[in-house]
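Trainee: Sequence:
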Amino acid sequence: MAGDYYTVLGVSRGATQAEIKRKYRELARQYHPDRNPGDQGAEDRFKDAAEAYRVLGDPDLRAEYDRAGSPAARNPAPRNPSARSAGDIFNDIFGGPRPAPRPAPNTPSRKPAKERGRDLRFALDICFEDAALGAKKRISVPQTERCSACAGTGAEPGSVPVICPDCGGQGSISHPQGFFETHSTCARCEGSGRLIPQDCVACRGRGRVRLDRSIEVQIPPGVEDGTRLKLSGEGEAGKNDGPPGDLFVVVSVRPHPLFQRDGADVVVDVPISLATAALGGDVDVPTLEGRVRLHIPAGTQHGRVFRLKRKGFPGQRSGDFGDQLVRTQLLVPERISPRQRRVFEELRRLESDESKPPQIEAYEALMARLAHPDDRESPGTREFGDSVHSGDSGGAGD
1 MAGDYYTVLG
11 VSRGATQAEI
21 KRKYRELARQ
31 YHPDRNPGDQ
41 GAEDRFKDAA
51 EAYRVLGDPD
61 LRAEYDRAGS
71 PAARNPAPRN
81 PSARSAGDIF
91 NDIFGGPRPA
101 PRPAPNTPSR
111 KPAKERGRDL
121 RFALDICFED
131 AALGAKKRIS
141 VPQTERCSAC
151 AGTGAEPGSV
161 PVICPDCGGQ
171 GSISHPQGFF
181 ETHSTCARCE
191 GSGRLIPQDC
201 VACRGRGRVR
211 LDRSIEVQIP
221 PGVEDGTRLK
231 LSGEGEAGKN
241 DGPPGDLFVV
251 VSVRPHPLFQ
261 RDGADVVVDV
271 PISLATAALG
281 GDVDVPTLEG
291 RVRLHIPAGT
301 QHGRVFRLKR
311 KGFPGQRSGD
321 FGDQLVRTQL
331 LVPERISPRQ
341 RRVFEELRRL
351 ESDESKPPQI
361 EAYEALMARL
371 AHPDDRESPG
381 TREFGDSVHS
391 GDSGGAGD
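124 is the number that the numbering used here gives to position 124 of the sequence shown; each next residue is one higher, with no gaps.
Hints were generated in silico from the structure; no laboratory data involved. These figures come from a predicted structure and were not determined experimentally. Among the hints, erroneous ones may be present.
[Said to hold, decoys possible] Derived PhoX-like pairs (lysine-lysine); straight-line CA-CA distance at most 25 Å: (1) K230 x K137; (2) K23 x K47; (3) K114 x K230; (4) K230 x K136.
[To be verified] Each pair of labels, with its calculated beta carbon distance range: (5) V332 x A368: 20 to 28 Å; (6) R307 x L279: 19 to 27 Å; (7) G158 x R35: 52 to 60 Å; (8) F344 x G134: 44 to 52 Å; (9) G315 x G158: 56 to 64 Å; (10) R204 x D34: 42 to 50 Å; (11) V292 x G134: 47 to 55 Å.
Even for Gly, the Cβ is constructed at its ideal location relative to N, Cα and C.
Whole structure, please, built from the sequences with the hints as guidance.
Mentor: Here it is in structure tokens:
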């Protein structure tokens, strides 16, 4: 750049730092390439102003310039790769992003950026009882881990990764476009900034190896179908010493041949015979913790529900237990022996001779009305709905 720096900025040698900065801002706005597209003269003025401000805006460089005229500044040597550009100076004043400076020759490369490992998902089938009571399960998960032979560097033990000459260890290449620059990932080192002279035999230069890992999973009591359990740090290994990912175990509960789940409650259907329903008796009822005896009172109807307290699932948040609901299923024999037939026929005769249950009486009265719609209702006839009572659905189990 030719000319005196003070003249370039249009300030006197006695100008204050604030005046120098203010004048540079005016020139930078006036000659910025965005405001003067295609104007080479304006771009040169912009760069000259930036170079002048680089010296005069720094009190130490300004003092040196004032003392000796700064021959180096007047006849600058080829620019160091790490030197600041006109765009850098403009961004310092007006704000804005600036790409990281490239390292000077013979300086160490930056370390490749750490990358977090990938999260993994594992589907785990468990039985109904394990979902209710909890369990420990050992699973085998295919995943990648850091290669122990090369400590994750990808280089054969004894060889040392070198700085990529194409990008200087930065992992990206700059492409000047007039005043601006664009950056792209270095194709030679694939963004790592390093080149491996000899690949590790164990991992083939990848720094990670594929294997099946055995992991113990704790199934909490009361877990629901579709629950996702998170095992932090049990995912795939990270790159460049990055943290590992997480493992998510998705629980699938297999259906049970007897039990059904209703929230925290367990529902089970228990068959009872006609004799037990009529006369009463004790039956064995399966639960999650084994069998219990349940007393069936005489006259129990089909579908009656008995409640066994705290025999259900544990609550995930409350810590309390649900109940087990026992529904009676009245069994009617499809085939009967001659002796059983005689007993049932005798029972039918007794039902005809003696008083019938009120539900049957009400039903027969309603059928008679439907058969003779013109007959007026007799004063003693009751509506069917007034006499039929639903079976007890809230009885307490013994």
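Trainee: Now tell me if each hint is right for this structure.
Mentor: Going down the list of hints, with the structure as the test:
Using a Cα cut-off of 25 Å, the hinted pair K230 and K137 holds, with the two alpha carbons roughly 14 Å apart. This hinted pair checks out: K23 and K47 have alpha carbons roughly 14 Å apart, not beyond 25 Å. This hinted pair checks out: K114 and K230 have alpha carbons roughly 23 Å apart, not beyond 25 Å. Restraint check for K230 and K136: satisfied, since their Cα atoms lie roughly 15 Å apart, inside the 25 Å limit.
Against the hinted window of 20 to 28 Å, the Cβ-Cβ separation of V332 and A368 comes to about 26 Å, which satisfies the hint. Range check, R307 to L279: about 23 Å between beta-carbon atoms, so the 19 to 27 Å window is met. Between G158 and R35 the C-beta distance comes to about 58 Å, which sits within the given range of 52 to 60 Å. Between F344 and G134 the beta carbons are some 49 Å apart, a value that agrees with the proposed interval 44 to 52 Å.
Judged by the Cβ atoms, the range 56 to 64 Å given for G315 and G158 holds: they are separated by roughly 59 Å. Roughly 48 Å separates the CB atoms of R204 and D34, a value that falls within the hinted 42 to 50 Å. Taking the beta carbon of each, V292 and G134 are about 21 Å apart, not inside 47 to 55 Å as hinted.
Hint violations for this structure: number 11 only, all remaining hints satisfied.
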